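Visitor: Heads up: the sequence lines are chains A and B, in that order.
Taking our numbering, the leading residue of the first sequence gets 1, the next gets one more, and so forth.
Taking our numbering, the leading residue of the second sequence gets 1, the next gets one more, and so forth.
Hints in this document: simulated from the structure, not taken from any laboratory.
The model shown is predicted, which means the values in this text are computed figures rather than measured ones.
C-beta: ideal position from N, C-alpha, C; glycine also.
It is possible that part of the hints are untrue.
Stated by the list, open to error - Simulated coverage check for chain B against chain A, where a stretch passes if three residues somewhere in it have a Cβ under 8 Å from a Cβ of chain A:
hint: 1; segment: 81-87
hint: 2; segment: 98-104
To be verified - A short list of chain B residues far from chain A (calculated; beta carbon distances all over 12 Å):
hint: 3; residue: S38
hint: 4; residue: E61
hint: 5; residue: P72
hint: 6; residue: R75
hint: 7; residue: M198
hint: 8; residue: E220
hint: 9; residue: Y222
hint: 10; residue: F241
hint: 11; residue: H253
hint: 12; residue: E266
hint: 13; residue: T274
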Amino acid sequence: MATQHSRSAARFMMAPAVVLLLGWMLIPLSMTLFFSFKKYLPLRGDSLGNGLDWVGFDNYVRFVSSSSFWPSVITTLLIVGGVLIITVVLGILLAILLDQPMWGQGVVRILVIAPFFVMPTVSALVWKNLFMDPGNGFLAHVYRFFGATPVEWLSQASLQSIIMIVSWQWLPFATLILLTAIQSLDSEQLEAAEMDGAPILSRFYHIVLPHLARAITIVILIQTIFLLSIFAEIFVTTGGAFGTRTLTYLIYQRVLESQNVGLGSAGGVYAIILANIVAIFLMRIVGKNLDA
Amino acid sequence: MGRIQLKQVEKSFGDVTVIPPLDLEINDGEFVVFVGPSGCGKSTLLRLIAGLEDVSGGVIEIDGSDATSIPPAKRGLAMVFQSYALYPHMTVRKNIAFPLRMAKVSAEEQEKRISNAAEVLNLTPYLDRRPGQLSGGQRQRVAIGRAIVREPAAFLFDEPLSNLDAALRVGMRLEISELHKRLKTTMIYVTHDQVEAMTMADKIVVLQAGIIEQVGSPLELYHTPRNLFVAGFIGSPKMNFIEGAEAEKYDAHTIGVRPEHIDVSETEGPWRGTVGVSEHLGSDTFFHINGTGLADALTVRASGEVGLNRGDTIFLTPQADKIHRFDRQGLRIG
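Please construct the entire structure, taking both the sequences and the accompanying hints into account.
Guide: Quick look at the structure:
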């Protein structure tokens, strides 16, 4: 956009989109903030029409002082962290594997992407009923075949199970991004390293991994955004029981199960703060890979 | 020491034979250039010597011992790649240090060798930069630096100058030649550019379709090409080939005369033609001559400026002792 004229034309044409986007973000955000300072219990007859009582920071204090608050934050971070570690590590390994020349490469790559197309609700139900069911699940049969007692996945190892389900969903995404990154690595660099006397693990550590740094950063950032708000997987499997209540799920329970909109909104504001803290940490740790 | 011997080395990819069995001897300290048109197998041959490709048959000996199945890192050879293959996330210093780190050389020794190499290659001011911040010529020098610090038995260059612009190429050509004079290490250099081959080599290996057409010093190849291919490939502009009646006068199927071995006259000479395109280089003028009835077009070189224009009649006299004769199979006679 070189000239004054084209620049102002560009601004003019972008304006509707920007206004729409701002409205989209700002209206829900300000309503959340508004409700978070009000007593709003729809079942007790509170409504916008009758006017809501101002309660100051009561909702905020109540939300934090609830015994479920800190466990929910920790659960959220455990799920996000666990899924990130599993998807990045396995993603790198799978990407390397898929990068090897082999018969039927195209088909295999499409199959690998497939889980990403399955809706979260569906995949969680498939896992719950077909794999993890302690009576008829596939895993239960495997356990029994070896004479072991089947694990009741979703109650005995609930958090791990959720991490497993979510990782399965997000692994294709990580693999795909990392695979394209690996394919862009100049093979002469690897050959040069080979000539320089680097054995295969050193080549991976000194050449491949640094080359992947940016792709890994992107995977981590994008996944974190989505993982902080996972809901369907918990809703259809454990319903928040057995220590799988994340912050998102806690807010849902406050608003819809307890019908306390004000308290839930305060939780929503905490969720925004948590997301920002995580974002700041992530940008500190991995953000420098995006420069240059 | 860097004496490399190839004995009946061959390479095929599946059913396609890239290099039929081939023998070659490279002596210690020699600057050997593999030259040939693209796809002639010269890079493959280099990669076989480097160990980046496995041979399909035959033996590669380095300093008299069989190296055929030794992994690339253990052969004591260093390679400079066409794309330089620098590690983009490492500084110049770390790039050069990488082979030393892999060889677990002590820190002081590393520092010593790096500063030595940096000095030789004028890289000292750039040691803390990354490859992305360097120009093409500097990157090339870093790649050479990374090869030098290993103190290899031989250097392998895979078309190292083809990504540089013309002016820089001439400069780097000179630098590599000087480096060879100073280090006295064996160097094997692959190029498709016969000018690079002629200017740098002690020994040129001309390859075509994986077959060695001729091995010899640059001037040997220039003066006594063994066959039509070598005659046409070495020398710029290309040698003129004349067949038919004119060639039979010399008892040959084909005769070849280089453009610089034809005298030009406006008045007399055995061959007569008209001037087509002329290329003025200042020091020389190249004329493309049509209508001689000998070949489609002849190229001749005249020194300096000659006052001939397109369409003028021109007379040519080949220098009798500079005529190359070839038989029906394209092999040199006499």
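Visitor: Indicate, hint by hint, whether the structure satisfies it.
Guide: Verification of the supplied hints:
{"no.": "1", "hint": "81-87", "verdict": "holds (count 6)"}
{"no.": "2", "hint": "98-104", "verdict": "holds (count 4)"}
{"no.": "3", "hint": "S38", "verdict": "holds, 17 Å"}
{"no.": "4", "hint": "E61", "verdict": "holds, 19 Å"}
{"no.": "5", "hint": "P72", "verdict": "violated, 5 Å"}
{"no.": "6", "hint": "R75", "verdict": "violated, 9 Å"}
{"no.": "7", "hint": "M198", "verdict": "holds, 27 Å"}
{"no.": "8", "hint": "E220", "verdict": "holds, 32 Å"}
{"no.": "9", "hint": "Y222", "verdict": "holds, 33 Å"}
{"no.": "10", "hint": "F241", "verdict": "holds, 38 Å"}
{"no.": "11", "hint": "H253", "verdict": "holds, 44 Å"}
{"no.": "12", "hint": "E266", "verdict": "holds, 54 Å"}
{"no.": "13", "hint": "T274", "verdict": "holds, 50 Å"}
The earlier numbered hints that this structure contradicts are 5, 6.
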